[in-house]
Amino acid sequence: MTSETGFDPRLLERFPTAEARPDSEVDDLNRIWAAPRGWRMVTIVNNNYVGIWYVAAAFLFFLLAGVLALAIRTQLALPLLGVLPQETYNQFFTMHGTLMMFLFAVPIMEAIGVLLLPQMLAARDLPFPRLSAYAFWAYFIGGLCFFASIFVGLAPNGGWFMYPPLTSMTYSPGINADFWLLGIGFIEISAIAGAIEILVGILKTRAPGMTLARMPLFAWAMLVFAGMILIAFPAVILGTLLLELERALNWPFFDSTRGGDPLLWQHLFWFFGHPEVYIIFLPAAGLVSMMVSSLAKTELVGYQLIVLAFLATGFISFGVWAHHMFTTGMPMLSVGFFSAASMAVSIPAGIQVFSWIATLAIGKPVFNTPTLFVIGGLVTFVIGGLTGVMVAMVPFDWQVHDTHFIVAHLHYVLIGGAVFPVFAAFYYWFGMTSRRALSERLGKWIFWLMFAGMHLTFLPMHLTGLMGMPRRVYTYLPGMDWEWTNLLSTAGAFTLAAGVALFLFDIARRFRFTVEDDAGNVYGGGTLEWLPTGLYSSRSIPVVRSRSPLWDNPALSGEVEQGRHFLPNSATGLRETLITSPIRAEPQYLQIMMGPSVWPLLGAVFTAGFFLLLTVQAYTPAIICLPLAILAILRWLWDTDRPVQQAQVDVGAGVMLPTYVTGPSSHGWWAIVCVLVVAFMIFLMAVFGYLFVYGIHPEYWVSPGGQWWALPIVASWAASAVLVLYGWRLLGRDGSSTWSPTAAILFACGFAVTAIAADWFSWRAQGLDPELTAQGAFSHALLALQAQLVAVVVLMGGYLAARTARGLVTRPSNTTFDVVSLFLLYTAAQGSAMALLLRFFPGIG
Amino acid sequence: MSGLLIWAAHFFALYMVASLFPGAALANGLAFAVTVVSLAVAGWLLWVTTRPVEAEPNDVLKRWITTLAAAGNALAFVAIVYQTVPTVLL
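As you go down the protein sequences, you meet chains L and W in turn.
Residue 827 in my numbering sits at position 827 of the first sequence, with consecutive numbering throughout.
Counting from 1 along the second sequence, just add 845 to a position and that's the residue number in my numbering.
Just so you know, these hints were derived from the structure itself, not from any lab.
Ideal Cβ positions, reconstructed from N, Cα and C, are used throughout, including at glycine.
Hints may contain errors.
[What the hints assert, rightly or not] According to the in silico footprint, chain L covers these stretches of chain W (three or more CB under 8 Å from chain L):
1) 847 to 856
2) 880 to 894
3) 905 to 912
Chain W with its partners taken away, still in its complex shape (with noise of 0.2 Å):
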């Protein structure tokens, strides 16, 4: 769920920033800032969770879970993308 709580800070991240500074440049500066932070950590995370697991090779759940974790890490970096774009936009 590493990923997913990215987003989800990611996403907290923007709504307050955009709550406490509404209008302002200031605004979609700091969103752009916070969502680099956001997608620097979602990627570095989807490069751990796709390395080869060197211990245990035979642990089938150890890999199943390690698959989820960077199928959501994957989910999260385009959700953290795309949830960006109003900051371009606007």
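Next up, chain L with everything else stripped away, as it sits in the complex (with noise of 0.2 Å):
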């Protein structure tokens, strides 16, 4: 049989053991798995708390948010009504569709990732516990932070998009646009974060046997939309750094008397934007596939085809960004592409909706409350789904753009495309971390009043926008006979506002959080997050044979409380899961992982005391809390990367695995790869960003000189690339008696410096200002990004010296030597491609 990675897959035959393992065993892991108490708590990492809170956040947004929306409602109710001034309109609705999206829709998938994942994949946590404590309280405390900036009447009013040059400084002098750009810059940073530790426990933390054709299709929707987010969100957060830049230094990106261009943002922005749909329809397409399979008592019908769909969504989500730009007078012939793509990405989601269906049709569902929200969002998502089909028709588009049509569409597709299933997961998955379930008689009502409430505000909302009527106005004239539907709109709102009341009211009747008592699988579900469990996930860690383990092995959840399959016990006395192959999910060996720590906590609330006080130009405190956080960061990351007494240990059955593993198949070294993806993405969208303002305006550009200053800087490039692969020779020898690895990479880091430095001077004196053109001010921010790895470089050439000098640096191989050289070698590469760039292009004049 083939293997993967030499494991021997016959070892796998072992399982279940035949003999039960002490009960002293769980113990053990009961007291390494315990969770701290009282105020100790902010330091818990453990996914089945950090989720549980994640989740509660994210829905606190949402119920923020639709209270935004009801006072939207009832100002657009009736013609002329002054329940909300302008500037307050303008600030509710670019709250509204901010928390939503940012704060709300995207996090909620995350969250429920968190929670779910690992207890699907019979890991014992996500690979990077504290990443996960770090990414959700600099969410929660960043997105409280932005929220609150409403009752100050500082909040952001121009659109949950922001273009310029409505939000440059001309337009919006205050610092409204300026806690949208730095406090969504920043809460993305976090998302980013979650991303990886998504992708990086869904290929290497599943249970051995899971291979991909095996994997729950939740965790293959994950998949995909880990990786989007890598792709996408740099868009986003190089385009808020180009406009915070241009707010606060006047370099012109995106203003045209300069050569800059403010398509470019809606280029950047909607690259993001599109994607970022998808990133919150799939995840929900993947809790779909999964609870449509229990609810209708039957396999599901098409996984390969979903699996493809998830794929073909993935990609094809990324050629269609332009659509939402079908009016601003772009080339007809891309426009004709654009249009094509958009009705191409419909058919991975039809083969879904077909898949659905098919398994409802063929299956015996019950019409319980989770099936009702299941099909509820299938209806609703395919009549939005109708109309994005409609929208992709160019010429239509063109009459229905920025009317009220589109803002029917997009509420269509989001709720009956995550909305409606996140809200039948929390039915279905409730009885996993709450002692009651919820009431199936008040859940009922509930799904009827938001179904109804939901088609009762935005079906007439279609005619709305047919007649005329805009977004974003906070009024309008009577007699345009927009009263009826926008009055029948309302009174949906209040109706769906009705479902989500009784929601919370039959949450805090019925939610007891628990980790071992909990309500059970109530709707008789097959995947692996059913097993008994502690907050160490499943006291044993169950070889998979098949798609739907309880099902087809009733006696599995026996067996694995035995510990008769994987990690019985704590083989080293510490918190461990495996790891294993991204295919084949042959164990390769096991993970030391952290436990609670208060410095995830801190190097958040420093975080974001950095990004929210620059935000209200309180530049010293800013700058005190960036240290503050690295250092807190660092210390957190100290603690990591400590190899283990024991190199191999019995984890079972007799298999013997090593405690530590660094290069290509370890997991540090794929995070620190997605991380890499994040930054070449930024790279990239600010070098389209330079080609693009050239293309537009060439006549602001003129040919740089200097170009001999390439080779010095290339060659202090090369360099420090070439010293970076001696340091990892140096590393891999028993000793080395003239320099040590760490020293070369000390001097990798050296000629870093020596080359951003000789590039920023070089540049400064061909006199190009950056407040002059957009030329002058994308070399340098192009430099400034360079700089800003530079110094991140620095950093880690300091900490890696520091753990030297403590003796954790080890040989023939170190997991934290491998992430500060490859970062070291990427930041190489990006620098002599950006020199070149800088002093070749538009050519040699």
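Combine the two chains into a complex, taking the hints into account.
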């Protein structure tokens, strides 16, 4: 039989073992995985707690955004109402959209992933528990502070997509826009951290035997979700950075009077913005795919087709962004391509819909609350998809762009494709974390109120839009024939709110958080999250032999509880989980995991402090927060990457695995590669912007002089890279007499600093003022991005030196050394590419 | 993911061509050429992934992955054809 890693697959046949394991091992697991109590709970990193907090925080933002929506609908119920003044209305609709898209829709999916995935994959936790905690606290603190801006009248007011020139200093002189730019930029960093965690977790911590073909569909969906975040989110991070630089320093990236272009913002934003909605939809589709099979009591029809649909959606969604820009005057041929792609992207969605319908048709569904939410979501999403294909037709879009038709369309796809599935998931998986299940009787009331309310709100809104009512208007004149449809929409909004309020009531009545004595598998699911669990996840990690292990082997729960599978105890006395290979899930090594710590919380507090204090122009406290955040993060990292005494341990049935692995098989390597993908995408987007503004306004460009500087600069970067490779080689030896490996890295850092300094000062000597032209602005922005990377490189070099001094950098290989080296190599490559681009484009004068 | 990667390359090539040569007949010509190449590659990939897997006939996972790849290549082929329609119409 084929092996991916050299692991003998026949070893899996030893499980389940014949004998049960001693109960004392369970006591050990409970002790090792125990969560702190009292005020020390803020140091918890365990996914059971962090996941629930994350879900609760995301739901809180959903409620807050919903209240804003009710205020908006109240204002629009009748013509010329004065419920909300104009400026407040602008802030309300901006915050409603921003909260829903950035602080609810994506985070709720990450949150559900953090909560469910370890159990679904039978891992003890996600691979970087402290990173999860940091991501949660950063999101929660940042989100609350961001929302608080509304109470002081400083909430962003330029729409959730914040187009310049409306949001440039000329038309938005206050700090409202800065709240959005800095707040959202920082929250997206938290989302990227979560995505890295999830991607590495899915590919490296699955139960043995859980090949890609046996992976739960939610895991597939989250895998594509995480990959899409790494590719898409850098575009909005760069965009927010550029717009903030324009506002703060007057660098004209989006000012067409100085060679910039406001359309650049739109390209950057929507390159993120359209994949964003599929980032929201795909996890929900994964949840629906899992629920549908359990609720219909049959295997899902078309598992492989749905996997194909996820992958295809992930790809094709990156090719449709400009369908948000059909009215901007782009070349017709480009517009045609985006129109075609926008229609093509409906094919994978259609595959999923038909698969779900087929599963429900051949199964025996009971119309309980989660089934109602699943079917209600399906119906609603399909209606939204139909209007989506309509607006993919360019002439039609020209009529309805920026009208309420689009508002109706987007709410149909997002409520049908995300909100209803999330509510279904609340009901379906509630028994996993609560002592009591939610009420079925109230659940049906909740569903019908929400379903009826949703359609009453948004179905008439199509007509409102077709009759010409624009978006983002705080009132309208009487006699436009918009009165009845608006009034119906407002009535619908309050009906929907009543359903949500009833849901909150039931949650308050019934939710009692627990890890062990939960309400159980109420709807009869067949996947591993329904194994009996404690804070250590399942007592032992089962060998998986099918897609629905609990259905195919009803004895599995008992086997796992008796410790008759992998890792029935803690082999090292520490928190551990199995690392397995990405395709065939063959056991590779035992990962030692981090326990509770206050440093992720402190890191999040100071990171939030840095960004938010910058927003309110409290520069001194902001500058103090930055090193504190860095110190907190370094202190948290300091405890990691510590090999244990036992080089190999028995993980069950005599299967021996190493406890420390470095190189491309290690989870740390995968994580840094993900970080570098993000860094590369930011660079790529910056290069796109650089070339784009040249293409639009070449008359503002001059051929740069001093091309000869490229030689010493690239030579410095090359020297840096060579020293990194040399350091790696030195580390592999038993000892080194002249240089230590870390010394080589430090010299490499020195060359990196030399390269960026030479680049910066030689470029400044060209005399291109960043305030005068977009070329000057972009070149300085690219240099600043590179300087940021070099600053991180210097920090990493210092950190590596400190670890070396304490004897923590082990030979012949070491994960920290690998991570620093990879980052340095990437920095050198990017620096070289950038130096050549700046000096040789647009050509020698 | 090979077919989908070809689709992505095809799409971004079309976008660059249309952006660099807006309104020019050259854009249509280049787009057509890019499409022919992309279809050739996607077609070849489809042929490769639909051939019987000779080694390890009992390797269920490998057959599953190959079938998935073939389906992806087929979908990419359709998407590439559809995406080129604007060059014919405009």
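Structure-based check of all given hints:
Given as covered by chain L, the segment 847 to 856 of chain W passes the check, having 5 residues with a CB less than 8 Å from a CB of that chain where 3 are the minimum. Residues of the segment 880 to 894 of chain W lying with their CB closer than 8 Å to a CB of chain L number 0, which falls below the three-residue condition for coverage. Check result for the segment 905 to 912 of chain W against chain L: holds, 6 residues qualifying (beta carbon to beta carbon below 8 Å, three or more required).
Violated hint for the displayed structure: number 2, the only one.
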